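Undergrad: Given the structure of chain H, go ahead and fit chain Y onto it with the hints provided.
Okay, here's what each chain looks like letter by letter:
2 protein chains.
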Amino acid sequence: MRHEIYDVVILGGGPAGLSAAINATIRNKKVVVVEQEPSMTSLKKAPKIDNYLGLPGSSGQDMLASFNEHARSMDVEIVARRVEAIGEFDGYYNILLGENMIQSLSLIIATGVPYKATLPREDDYVGKGLGYCATCDGPIYRGKDILIVAHGPEAEYEANFMAEICRQVYYLPLYKNIGELDERVELLPRTRPQAVMGKDMVEGLELANGQAIQVEGIFILGAETAPDRLVPGLLIEDNHIKVNRQMETNLPGVYAAGDCTGAPYQVAKAVGEGLVAGLAASKYSSRKK
Amino acid sequence: MRHEIYDVVILGGGPAGLSAAINATIRNKKVVVVEQEPSMTSLKKAPKIDNYLGLPGSSGQDMLASFNEHARSMDVEIVARRVEAIGEFDGYYNILLGENMIQSLSLIIATGVPYKATLPREDDYVGKGLGYCATCDGPIYRGKDILIVAHGPEAEYEANFMAEICRQVYYLPLYKNIGELDERVELLPRTRPQAVMGKDMVEGLELANGQAIQVEGIFILGAETAPDRLVPGLLIEDNHIKVNRQMETNLPGVYAAGDCTGAPYQVAKAVGEGLVAGLAASKYSSRKK
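Respectively, the protein sequence lines represent chains H and Y.
Per the numbering used here, residue 1 is the first one in the first sequence, and the count goes up by one each step.
Per the numbering used here, residue 1001 is the first one in the second sequence, and the count goes up by one each step.
Heads up, some of the hints might be wrong.
Some chain Y residues near chain H, calculated using beta-carbon distances under 8 Å [stated by the list, open to error]:
(1) 1053
(2) 1154
(3) 1268
(4) 1275
Pairs of lysine-lysine residues, derived as DSBU-like cross-links and limited to a Cα-Cα distance of at most 30 Å, are as follows [to be verified]:
(5) H:48 <-> H:30
(6) H:242 <-> Y:1144
(7) Y:1176 <-> Y:1242
(8) Y:1242 <-> Y:1289
(9) H:242 <-> Y:1242
(10) H:48 <-> Y:1283
(11) Y:1144 <-> H:48
(12) Y:1176 <-> H:283
(13) H:242 <-> H:283
(14) H:30 <-> H:242
(15) Y:1048 <-> H:283
(16) Y:1128 <-> Y:1144
(17) Y:1044 <-> Y:1242
(18) H:289 <-> H:242
(19) Y:1045 <-> Y:1242
(20) Y:1289 <-> Y:1030
(21) Y:1288 <-> Y:1030
(22) Y:1116 <-> Y:1128
(23) Y:1044 <-> H:283
(24) H:116 <-> H:44
(25) Y:1044 <-> Y:1030
(26) H:128 <-> H:242
(27) Y:1199 <-> H:283
(28) Y:1283 <-> H:44
(29) H:283 <-> Y:1283
(30) Y:1176 <-> Y:1289
(31) H:116 <-> Y:1199
(32) H:30 <-> Y:1048
(33) H:199 <-> H:30
(34) Y:1288 <-> Y:1242
(35) Y:1283 <-> H:45
(36) H:30 <-> H:288
(37) Y:1176 <-> Y:1144
(38) H:48 <-> Y:1048
(39) Y:1128 <-> Y:1289
(40) Y:1045 <-> Y:1116
Please keep in mind that the hints were generated in silico from the structure rather than gathered at the bench.
This one's a predicted model, so the numbers in the text were calculated from it and none came from an experiment.
Heads up, the beta-carbon is just placed ideally off N, CA and C, and yes, glycines get one too.
So that you can see chain H by itself, here it is in the shape it has in the complex (with noise of 0.2 Å):
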């Protein structure tokens, strides 16, 4: 998948971006499913769903299972990559998987609950010295400390690239089995992060154990990011994504499907819901050529 040009990216892997997936490659589209590794924790963990038609009676895992199997016998793709950023550019998207960019003239935006801030304030200092891509950033703060909270060991791959740049890094891991890191990085002891330091910029930040670090930047990496800092410009409302019937979003060519666009959180409204954006995409992506 390097460089190649789809119809319809779909960011993420559940009932929602599966069912998206299905309709969109049945009207000859070309797809892919771009799977975000800690989503649908709470389905996955379902002993028994009794409400989905059809399916009476499954466990979340076998319903998964079961949803996977269907798209992979239709032949769609599926990839296990996080989306680092998006952005827009002569009516394509641009989408950054890692190290690799691929286009796309859709989006369907599938990635579950809505994001949980990881720290208080959190948003008042987003773009003021705190950030959710180190690699996109990460020159902004050449020859300058900063401090990466990590959700997940994914974060040691930019913690030693920004070791190269940085004067120093800071590394709060909130996970165990920490793997390799650098040795210019500052392995902090694993404890909850507990305020952002600085009344307008990010001055460091305050930990639970009663540290405080001086930084310039803060990086927050490995949580599921909020599809709004994902692709600038997407209209929220009530902490989800603003939807009408259609599944459009307030952008063109973006549409969202499942729990990102709010209560019931349940299969059957996102596999509906995935259903139409991905019929909507397709119809939008066929216009657009």
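TA: Chain Y only, in chain H's frame:
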């Protein structure tokens, strides 16, 4: 089901109606699904449906069977009755099913693809001599001449009833194999109805065979009834029931789901909307108690 009070009455036993039913049942609501016979013909005829996630490659018939099996496994009450009329009084919806009246705190309309008019300019004559429920409007036509356009044999019972109170009842069958008609009913040859006669009020009906029958009343019976004729005041937009993302119509306690709310006419959309409507109606009826 005599004079019972329900929490949720669901009109339509297709994917949307059954999905609503299982979800309201899980919420411990007293639910009944009223299935109208002529519906869902396109789903029943589908040889293979590939885009309902988790059940790939089912025929429409098999899919409907598994949906019904799911509902029956949860003891959902399903009755095959024609809804004659619905009225609201004192916070309850009164639903006339044949000769039975049931009451409900909430309604879910899941009656499938929108009604197509039987006659040209049919809308213009509704309430001006043209109606859909002989049992309801019959007394107005006592001692007068009427004509019944009958889509199916269930109209025969009403024709015989009208024969008792009207001066002359003409019966235009649009189906084969006429059953038992009262001898006072004049059976017309099977032909298409052409046009309503009369400037403001109904004065008669022209038939495709050239006949012109003078009557003061025309009843169209056995066709699917347009939802806004069934539920007075229901808002229709572009030939579909207008709903918001919570599947609320413009009337309190009245929800809609599935094909009747608009395209795409697909199983997954119907099932998803049925879930949302079923949960919303459950919440509404809990609040009303």
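Undergrad: Are the hints correct? Go through all of them and say.
TA: Hints and how they fare:
1. 1053: holds (5 Å)
2. 1154: Because about 28 Å separates residue 1154 of chain Y from the closest Cβ in chain H, which is outside the 8 Å limit, the hint is violated.
3. 1268: holds (4 Å)
4. 1275: For residue 1275 of chain Y, the interface hint holds, since the closest Cβ of chain H sits about 4 Å away, which is under 8 Å.
5. H:48 <-> H:30: Distance ~34 Å between residue 48 of chain H and residue 30 of chain H Cα, so the pair is violated.
6. H:242 <-> Y:1144: violated (56 Å)
7. Y:1176 <-> Y:1242: violated (36 Å)
8. Y:1242 <-> Y:1289: holds (26 Å)
9. H:242 <-> Y:1242: At roughly 19 Å apart (the allowed maximum being 30 Å), residue 1242 of chain Y and residue 242 of chain H satisfy the hint.
10. H:48 <-> Y:1283: holds (23 Å)
11. Y:1144 <-> H:48: Since the Cα atoms of residue 1144 of chain Y and residue 48 of chain H sit roughly 61 Å apart, the hinted pair is violated (cutoff 30 Å).
12. Y:1176 <-> H:283: violated (42 Å)
13. H:242 <-> H:283: holds (20 Å)
14. H:30 <-> H:242: Distance ~26 Å between residue 30 of chain H and residue 242 of chain H Cα, so the pair holds.
15. Y:1048 <-> H:283: holds (23 Å)
16. Y:1128 <-> Y:1144: holds (15 Å)
17. Y:1044 <-> Y:1242: OK: residue 1044 of chain Y and residue 1242 of chain Y at ~26 Å, within 30 Å.
18. H:289 <-> H:242: holds (26 Å)
19. Y:1045 <-> Y:1242: At roughly 28 Å apart (the allowed maximum being 30 Å), residue 1242 of chain Y and residue 1045 of chain Y satisfy the hint.
20. Y:1289 <-> Y:1030: Holds, because 13 Å separates the two Cα atoms, which is no more than 30 Å.
21. Y:1288 <-> Y:1030: holds (14 Å)
22. Y:1116 <-> Y:1128: Satisfied, since the Cα-Cα distance of roughly 19 Å is no more than 30 Å.
23. Y:1044 <-> H:283: Cα-Cα ~27 Å, so holds.
24. H:116 <-> H:44: It holds: about 19 Å lies between the C-alpha atoms, which stays within 30 Å.
25. Y:1044 <-> Y:1030: With Cα atoms ~28 Å apart, residue 1044 of chain Y and residue 1030 of chain Y stay inside 30 Å; holds.
26. H:128 <-> H:242: With Cα atoms ~25 Å apart, residue 128 of chain H and residue 242 of chain H stay inside 30 Å; holds.
27. Y:1199 <-> H:283: violated (44 Å)
28. Y:1283 <-> H:44: Given that 30 Å is the threshold and the Cα spacing comes to 27 Å, the pair holds.
29. H:283 <-> Y:1283: violated (36 Å)
30. Y:1176 <-> Y:1289: violated (48 Å)
31. H:116 <-> Y:1199: With Cα atoms ~64 Å apart, residue 116 of chain H and residue 1199 of chain Y exceed 30 Å; violated.
32. H:30 <-> Y:1048: The given pair, whose Cα atoms are some 23 Å apart, holds under the 30 Å limit.
33. H:199 <-> H:30: violated (47 Å)
34. Y:1288 <-> Y:1242: holds (23 Å)
35. Y:1283 <-> H:45: holds (26 Å)
36. H:30 <-> H:288: holds (14 Å)
37. Y:1176 <-> Y:1144: Holds, at roughly 27 Å.
38. H:48 <-> Y:1048: holds (28 Å)
39. Y:1128 <-> Y:1289: With Cα atoms ~39 Å apart, residue 1128 of chain Y and residue 1289 of chain Y exceed 30 Å; violated.
40. Y:1045 <-> Y:1116: Distance of about 19 Å is within 30 Å: holds.
The structure fails to meet hints 2, 5, 6, 7, 11, 12, 27, 29, 30, 31, 33 and 39 from the earlier list, while all remaining hints are met.
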